[in-house]
Structure formats: structure tokens, C-alpha cells
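Protein chains in written order, with our numbering: chain C, 136 to 347; chain H, 26 to 298; chain W, 316 to 504.
If you are wondering where the hints come from, they were derived from the structure by calculation, not from laboratory data.
Where a beta carbon is used, it is the ideal one built from N, C-alpha and C, also for glycine.
Some clues are possibly wrong.
To be verified - Incomplete in silico selection of chain C near chain W, CB under 10 Å:
hint	residue
1	Leu218
2	Val240
3	Ala245
4	Ser279
Claimed, not checked - Calculated lysine to aspartate or glutamate pairs in the DMTMM-like style (CA-CA distance at most 20 Å, straight line):
hint	chain 1	residue 1	chain 2	residue 2
5	H	Lys81	H	Asp148
6	W	Lys400	H	Asp130
7	C	Lys203	H	Glu183
8	W	Lys468	C	Asp205
9	H	Lys192	W	Glu463
10	H	Lys74	H	Glu183
11	H	Lys258	W	Glu463
12	H	Lys112	H	Asp198
13	H	Lys111	H	Glu183
14	W	Lys391	H	Asp130
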Amino acid sequence: MPYPTDPLILSGAWASVILTLMVYSYVLYKENLAYRFTEHTYISTSLAISVVVASQTLTNNAFLPLSKGDISYVIPIILGLLLFTLPFRQVRWISRYPLAFVVGVGTGLAMRGAVHAQMVAQVLTAITLPKAPQPIDWFNFFFSLIAFLTSTSYFIFTREHTGFMAIPTKIGRYMIMLALGSYFGNTILFRMAMLSGRVEEILKVFGIIPWR
Amino acid sequence: MSKSIWSKITEVDRRVLYWVMFIALAIPFISPLGMPVPVTEMTKAVYDKVESLGPKNIALFSIAGGVSAWPEIAPSMVAVMRHLVKKEVKIVVWGFFTDQDITLDMITSNVPELKTKYKYGEDWVYMGYLAGGETAVAALASDVHSVFKADKYGTPVEKLPLIQRVKSAKDIDLVLTVDTGSYILYYVRHWNVGKGTPVAEIGIAMQADMVVYYPTNLVGLMIGVRGGAEYEKLIGRLGDGTVRMDAINISHLLFIIAIALANVGYIATRRKK
Amino acid sequence: MMFEYFFAVKEIAALSSAIQKWAIIISTFALGLGIITTFRIHIAHVKRRSKGQWFFSAWLMGFFVLLTLIGLWNTKFIVYDWTFKNVYVALSTTLYAITGFYIFTAAYRAFRARSIEATILIVSGVLILLRNAPIGEAIWSGFPTLGEWVLMKGQVGGMRTLTFVAAVGLVVFGIRTLLGMERGYYGGE
Numbered sequence: 136m137p138y139p140t141d142p143l144i145l146s147g148a149w150a151s152v153i154l155t156l157m158v159y160s161y162v163l164y165k166e167n168l169a170y171r172f173t174e175h176t177y178i179s180t181s182l183a184i185s186v187v188v189a190s191q192t193l194t195n196n197a198f199l200p201l202s203k204g205d206i207s208y209v210i211p212i213i214l215g216l217l218l219f220t221l222p223f224r225q226v227r228w229i230s231r232y233p234l235a236f237v238v239g240v241g242t243g244l245a246m247r248g249a250v251h252a253q254m255v256a257q258v259l260t261a262i263t264l265p266k267a268p269q270p271i272d273w274f275n276f277f278f279s280l281i282a283f284l285t286s287t288s289y290f291i292f293t294r295e296h297t298g299f300m301a302i303p304t305k306i307g308r309y310m311i312m313l314a315l316g317s318y319f320g321n322t323i324l325f326r327m328a329m330l331s332g333r334v335e336e337i338l339k340v341f342g343i344i345p346w347r
Numbered sequence: 026m027s028k029s030i031w032s033k034i035t036e037v038d039r040r041v042l043y044w045v046m047f048i049a050l051a052i053p054f055i056s057p058l059g060m061p062v063p064v065t066e067m068t069k070a071v072y073d074k075v076e077s078l079g080p081k082n083i084a085l086f087s088i089a090g091g092v093s094a095w096p097e098i099a100p101s102m103v104a105v106m107r108h109l110v111k112k113e114v115k116i117v118v119w120g121f122f123t124d125q126d127i128t129l130d131m132i133t134s135n136v137p138e139l140k141t142k143y144k145y146g147e148d149w150v151y152m153g154y155l156a157g158g159e160t161a162v163a164a165l166a167s168d169v170h171s172v173f174k175a176d177k178y179g180t181p182v183e184k185l186p187l188i189q190r191v192k193s194a195k196d197i198d199l200v201l202t203v204d205t206g207s208y209i210l211y212y213v214r215h216w217n218v219g220k221g222t223p224v225a226e227i228g229i230a231m232q233a234d235m236v237v238y239y240p241t242n243l244v245g246l247m248i249g250v251r252g253g254a255e256y257e258k259l260i261g262r263l264g265d266g267t268v269r270m271d272a273i274n275i276s277h278l279l280f281i282i283a284i285a286l287a288n289v290g291y292i293a294t295r296r297k298k
Numbered sequence: 316m317m318f319e320y321f322f323a324v325k326e327i328a329a330l331s332s333a334i335q336k337w338a339i340i341i342s343t344f345a346l347g348l349g350i351i352t353t354f355r356i357h358i359a360h361v362k363r364r365s366k367g368q369w370f371f372s373a374w375l376m377g378f379f380v381l382l383t384l385i386g387l388w389n390t391k392f393i394v395y396d397w398t399f400k401n402v403y404v405a406l407s408t409t410l411y412a413i414t415g416f417y418i419f420t421a422a423y424r425a426f427r428a429r430s431i432e433a434t435i436l437i438v439s440g441v442l443i444l445l446r447n448a449p450i451g452e453a454i455w456s457g458f459p460t461l462g463e464w465v466l467m468k469g470q471v472g473g474m475r476t477l478t479f480v481a482a483v484g485l486v487v488f489g490i491r492t493l494l495g496m497e498r499g500y501y502g503g504e
């Protein structure tokens, strides 16, 4: 793809790169006004998009059905408006009602879902024997099971990690480190992919690499 | 007392490290390595599931990731959408991030068939944004029409034939959730465990801990830009994911060198003491 | 919510569905709360003429008001569309990516094999790095296999524990919240 000549695309691309360099000036040099400017610009744009999208969503999914005669929507609209008393100390107590409503619903849903998916299903998967077992499958099965049991013993059991508890909890700690090390490795992939995306953009706009 | 070389190496100014990383990431874009990307089991599983779908099936494309994660997940999103369109699967799109409109714009500009080949309302539909996190996902699993009264553009659901067919999770043949956080867990809890709907994740690399749900609750899991590169190879159309893997190669090598250097320095300085 | 999950009663299911719908609408209003708090802070800065800050605060509020008004009028208008596709996307991805630098210095400075646990963490992390980057296979064909094993089998036990324990914590916290013993969510002690 050739380097764009459309003023709108070009101005956007250059604005994007200049803002990127302004942000990275903080990291690659030191804190400065340019970085502070981009910080505040980001906050204002993300707040603006939140307001616009929220108003569109409320229009489509609350005010539209209300305008069609479904008066039950009055209740959540009023409760939602009551939320705006939260920042004001004298009337903050009013916001507890909509908050309690939302937290109650969320808690009920989370609890009912978590028990099966995160507890029962995980235990069942851990103790389910491999289907067409090769020696490596048996090794993996026992490794995962022992890792699960020992690391759970480290977290859950309140008895002091001495005596007969010393070895399983130590193994459990090692298994957790294995898992956290894996998480760290994946975090690096994530961060590097993000950074490489911006570096690619900078090179593209400066014309060092072809525009794709 | 003058510092040893190892002390100097381990105490180098962080800005030097930042510049080293910045330059190292730039090099592979200027001079690509072109290393092949092997396909892994979980990405293949997602591909096979999408490949098994057809024009009679409906897939849900849930955008639960923001614009900020584009470099990681955009290649995967575009590749999967291309595959869905190639298989002529019907697509319902909704999401939970306020900037998802921009994400969908990006996808449609890379997959123009959504606008040229697909008919809006019949072949695909965009329902818009929903707040509420797990509550929203759970509510949609039971009754989509009680939550969405109109699509993103204000068209009432009665006028959208595709969404008329989707009343609950049971009417969806595959959930593809583009995820940077907890929404995959919500879909597993309420759509898969609750209603039996197959769920697959297009996630950032940090979502790899979701592997505990594979294959019992998850069809498959695409991990970050690597998953995107693998999927591009599977659909036979290389893109941003493959290009970015070169930078990943160099950066990861740099990390390994840094960790090795730091540990050699640590051992050397510890021995001296 | 709990009753509806365990008992298939039509009326309860309908009520549950309505309550969930209401919670979604209330949550949508919550998006506006952040604006009030932000404005309170930045108006205070402008009033006080806080050194080195007040003009940024004024810019933040002014730009927000301008964009919001344009967006509420027409999201396809050129100023709004251009700002979000170029300014918001750039800043969003850049600010999120900045942590890439920090993780590099963290790996360089903090990842020392001081103990067995630290060594396991580093080895596991490095194997995953060599699995994720195709260069691992170029160095030695065994690295991707080992890395894949760590990802698919090795770490699963530990991760499963973290998942299980998180669920236990969620249930305990949920019961405490429903019994009124946890009041942090509305600012109580």
C-alpha cells in the first residue's frame, strides 16, 4: 500500500505518532509537560466516549421501551439517577440503595456461577482419568493432581506448615511458582506485542517501513 | 572502592534499558526475520470449531476488550471474522467496552465482506454496548430480548430477523469472546455451564491462565498475538499478527539475555562478597 | 438470583430477568459518576490556580465538554470521528503499552534466582517465552515442547488452585455481603 496522501488520514497518522512520542518522552527521557498534556487529553477523551456511549445505550434500552409504554423502566431509571448523589456527602446515603441493588444482583450471580464452574468443575477435571492413556498422560494426570492438592493445601489449610504439613505445602509453593512463572512469561508476550504495535506505527508514519 | 563490571551492568540506568528495548523492537520491522509460526493445539481447536459451522449457524462475537489492547488482539479478531465470513456463519455482535464502536469499525474496514457480502439485520447484527459486567452476560444468557430492545443504531429488535432468532444462549452455536479481563469467566459460568453453549476465547496473552477450563468448558483459546499469527496461517491469509511475531522473537530473546545477564551478575557479585 | 438457579419456577425466572435488566440500566448510569468526581477535582485545581496543573485541568474539562456535545449530536461528525480514531486510539494503546518498558527493567533488576521458588519462577517464565516466540524452536526444537507442556499441563495444577481459591473467597465474601457484614462497597466500615 502506498504512503497515504489523503489529508485526513495523514493528519490522523501524524497526530497519533506525535502523541505516542509525547507519551514515551516520559519513559525515554523524564516527566515533562508534553506527557502531562497527553495524560489529560486521554482522560477527557475516554470520559467523553463513556458519556456518549452510555447515553446511546440508555436511549435504546431504557428510554425507548419506556416511551413505548413499558413503565416498569421508571424504577431502574430513578435508581440510576439516585446514584449521582454518591459524590455529595450530605445526600450520599441515598446512593446506597441503587448500589446495594447492583451489588446484590452481581453477588448472587457470581456466587451461583463460581461454585460450579470454578470449584466443582475444576475438582472434577482434576480427578478425571485420562481417556486414552499413554505413559505421558498418566504422568501429566498425576503431576496436575499433586500440584492441585499440594498448592490448595498451602492456601486453604490453616494448620501451621510444619511436621507432616511441611513437605506438601512446600511442594505446593513450588507449583504455584511454576504457575506464576508461566503467567509472567505470558505477560511479557502481551506487553511486547503492545509495544511492538506502537513501534510499528511510528516506523510506518516516518516512512521507514512500508505502509500496510 | 571501584565497582566490578557486574555491578555496573546490573545497575545500568533504566533509560538505557528502555532505549535498548525500543530499538530492538524496531529492527525486525525494518529487516524481517520471517520465521514460521507453528500452530498450537488450542488455536487449532478454535479454528476447527469455526470450520465446522455454516450458513445455518449463529456465532456470537462478543467484544470485551478495549482499543488499548488492539496490538495484541486485533490480528486474532480480524482473522476469526474473516473465517466466519468465509463460512457464511451468521454473526451477532455486542460488547461491554465503551470504545467498541471503533473496534468494530476497524474489523469492518479489514473485513469489508461484512458490509458488501453480508446483509445487515439478516446475516449480521450489531447490538451495541452493555454495562453491568457479569449481570449483563448472565441476563443475556437467559433472555436476550429483555436486555436489548434495539440495536446500536436504534432499530427495534422486531425489525431485525437475525436477532429474532436469538432469544437466549441456547440459540447461539458458538460464543467467541474477545477478552482482556473477566468476561470469559462470565461466559463460562452462565453460557457454558449454565446453558451448554460452546465458548471460545480470543484473549490477550495474560488470559492463558484460562487453560484450566480447556477443554471441559472452553472449545479453545487463542493466546495473544501468537494466537492471531497461528490463525492467520490456518486461514491462509497472513497479516499483522505474523508481521508482529518477528518483533516478539527479538524482544523475547532480549528478555532471556537480560534475565541471564542479571542472574550471572547476581551470582558473580554474591561470590565476591 | 440463587433461587432462580436452583428452582425452575417461571415467575421467579421472570422476576430475576427483570431485576438483572434493571441492574444493567443502573450500571450504565454509573458511567457518569466518574465525570462528577473528575470535574470536582479539576474545578478545584482551576479555582486554586494550582501551579503547573490548572491549565491542564482547564484543558481536560474544556475538551471533554466539546467532544461530548459533538458526540451527543452526531458521532459521525468529522471532529469526533477523527479524534477518536487518531487521538483516543493512539493514547489508549500507547499508555497501555508503556508498561512494556517497566516489565523489561523488572525482569532485568528483580528476577534473580535467590531461592528455589525464584528459580522455578524464572525457569517456567523462560520456557513460556521460548514457547511463545518461534525463535525458541530455532534455538532448540525441545523448547516449544517443554514450553507447551508447562502451559498446558505443568502450570494447570497451580492455576487451578488459584481459580478454586478465588471462588472460595468469592463465595465467602458474597455471603458476608448478602448478610450485611461487608459494607465497603457503599463506603461503610
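Against the structure, the hints come out as follows:
1. Interface hint at Leu218 (chain C): satisfied, since its Cβ lies 5 Å from the closest Cβ of chain W, which is below the 10 Å cut-off.
2. Annotation: interface hint on Val240 (chain C) holds; nearest CB of chain W at approximately 4 Å, less than 10 Å.
3. Nearest Cβ of chain W to the Cβ of Ala245 (chain C): about 6 Å, under the 10 Å cut. The hint holds.
4. Interface hint status for Ser279 (chain C): upheld, as the beta-carbon distance to the closest one in chain W is roughly 5 Å, under 10 Å.
5. Annotation: proposed proximity of Lys81 (chain H) to Asp148 (chain H) holds, straight-line Cα distance about 10 Å (limit 20 Å).
6. Restraint check for Lys400 (chain W) and Asp130 (chain H): the C-alpha separation of about 9 Å stays at or below 20 Å, so the hint holds.
7. Note on Lys203 (chain C) and Glu183 (chain H): the hinted pairing holds, with a Cα-Cα distance of about 13 Å set against a maximum of 20 Å.
8. At roughly 52 Å between alpha-carbon atoms, Lys468 (chain W) and Asp205 (chain C) are farther apart than 20 Å, so this suggested pair is violated.
9. This hinted pair does not check out: Lys192 (chain H) and Glu463 (chain W) have alpha carbons roughly 39 Å apart, beyond 20 Å.
10. Taking the CA atoms of Lys74 (chain H) and Glu183 (chain H), the gap is about 30 Å. The hint is violated against a cut of 20 Å.
11. For the given pair, Lys258 (chain H) sits about 19 Å from Glu463 (chain W) by alpha-carbon distance, which is consistent with the 20 Å threshold.
12. Between Lys112 (chain H) and Asp198 (chain H) the CA atoms are separated by roughly 14 Å; this keeps the pair inside 20 Å, and the hint holds.
13. About 28 Å separates the Cα atoms of Lys111 (chain H) and Glu183 (chain H), which puts this hinted pair outside 20 Å; it is violated.
14. For the hint pairing Lys391 (chain W) with Asp130 (chain H), the CA-to-CA distance comes to about 12 Å; that is within 20 Å, so the pair holds.
In terms of the numbered hints stated before, the structure departs from hints 8, 9, 10 and 13, listed from lowest to highest.
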